Amino acid sequence: MTVLAQQLILGVLIGGLYGLAAAGLSLVFGVMRVLNVAHGELIMLGGYGAFWLASLLGIDPFASLVLVIPGSLLLGAVLYWGLFAFVVRAHEETRVKNSLLIGFGLALALHALAVRLWTADERSIPTSYSGAVLAVGDLAIPLVRLATLVLALLLIGALQLLLSRWRWGKAIRATAEDWQAALLTGIDIRRAYLLAFALGTALAGAAGALITVAYSVSPSIGLEWTLKALIVVVLAGLGSMIGTFVGGLVLGVAEAASAATFGGPYREIVGLVIFVVVLTVRPRGLFGR
Amino acid sequence: MSARVTEERQHERRWALAILAALGLLALLPLARPREDLLNFVFLILLSITLAESWNVVAGYAGQVNLGHAAFFGLGALITRALWIGGTPVPLAMAAGAATAMVFALIIGVAAFRLRGAYFAIGTLALGEILRTTVGNVLPEISTLPAATIASYQLTLRYYLALVLAAISVIAVAALATSRLGLGMRAIREDEEAAEASGVGALSLKLTALALSTALAGLAGGLFAYYHISYYPAHPFGPQWTFDALLMTFIGGVGTLQGPVLGAALYVVLKEYLALRWVDIHLLIFGALFVAIVLLLPGGLVQAAERARGMFGRRA
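Protein chains in written order, with my numbering: chain A, 1 to 289; chain B, 1 to 316.
Honestly, the hints are just simulated from the structure, not real lab data.
Errors might be hidden in some of the hints.
Footprint (simulated), chain A over chain B, 3 or more residues, beta carbon under 8 Å [stated by the list, open to error]:
1. 17–27
2. 119–131
3. 134–146
Please read these numbers as outputs of a predicted model, since none were measured by experiment.
For glycine and all other residues, C-beta sits at the position ideal for the given N, C-alpha and C.
Just need the whole structure built from these sequences, with the hints factored in.
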């Protein structure tokens, strides 16, 4: 019983990061109708950003978020100008298709670049507080992972605030709702696209930094995290960032439960089952708004 | 049937005959007793043709982007290898591998095709990665052929099997391209709603394309399993295989019969060359090349040739 509870707690803790990883993807897909399958590679780059800041400059990985987030924001803007600005010119169906293809090529190129820059080894950031644990009865809650869960929630809350209060946040939501109507009311939808993509990349970067401090980073985590994010988006639908966060927690718990039931090697299967079941049971409800 | 469609059909038939003639010539190659590395090299091109054409069926003709094509290649390899080493004759084992790939594809397809393209891409991507991880976890040991099989290993046999599979895939795609079925698929690719409105059953056609595509991919995977002496069972599930299929198809020309064949030949040559020169960055180059093709020359070589022909007047 304690073993199961412990596993479920760890599931919740990683689930927060699934939610954060999915939030950026959901924002970009919802606003631009661009499905960036290189999202996980952007997460990976954020992770290596934090790793470099820690190993070269000795910056604490949590503090490094202050640099990783603006850096990712900039990277997102560059990627938008260089690649995705061309994709959004096409009409919707071509747009999704081309974004999938370009994202796939980008993912492979970034993976190869990361292997070249950092080798294929797994890296993590050791800190003085890495092993700290909060003991609750028989259960042990790793403090670093708990901190990543709290930070993930804070970041998603901040994004939600930004989208509902900020002038351009409202413009982004209006564009997601109906870009033609947004255009007619005088919103610069190209700028809304740029902002959405940059924000999405910033969230990916933050997620990567948190993943690296609580777990580890290697060039091959990209596809894995893209997939987690996609499954959460299928599960939670578009539109609500808090919903996405909850979706992340659900995936984390479901994985932990299936690992406990069927054994560790089969923990990934649950994502596929969620995908098929959601589409079969509620085909229109979840991805659409 | 309009004149344009008839003309296109003749065009496809001519290409099919040309490719089959080239494959026929390649059938003579082993008679010249070439060096083994040449035979292996041509084998790789032939396997790539099957893989690229298989992706082309569902993505090029029916317009459904499959980002987990490796799942079906991998399933074909997994089942074929297990049955073949267990004593089943290779053709039977390969058929079982192809059937398994098809069944998995239809499960994903039925769930995802009711919605628009993006779901199918996500579903296939998920299937590929989840199977890769799971196979890697459950079967972490390298799979090596028994000593007796290695002792009696005949490369020529594999070579001819690859040739037959490449010919089958070219004939299948040519037959599809010139049929009403293929016409319906292309109508879905161009505009699904308009196709539905004019009486094309989109769901069943997409599923047909998917079934054909994944069966061919499963056969290619079976060939892979029959060819390699040892490999990790998770290896053929790797996203690299999907990417290979995408890149080869796009280099040549997506949604054409000859495109994937030309793309496969060019890609294998280029890859051997680049991998020798720049071992660690050739994937970076290919990734960038792929993105550039999708953005700048989405019709690949076939489109480039048409443009060139248009520029220099109609010589042909």
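Quiz prompt | Coverage of the stretch 17–27 of chain B by chain A (three or more Cβ within 8 Å) | solution = It is violated, with 0 qualifying residues against the three required.
Quiz prompt | Given coverage of the stretch 119–131 of chain B by chain A, tested with a Cβ cutoff of 8 Å and a minimum of 3 residues | solution = holds (count 9)
Quiz item: Counting residues of the stretch 134–146 of chain B with a beta carbon closer than 8 Å to any beta carbon of chain A, are there 3 or more?
Solution: holds (count 3)
Consistency with the previously given hints fails for number 1 only.
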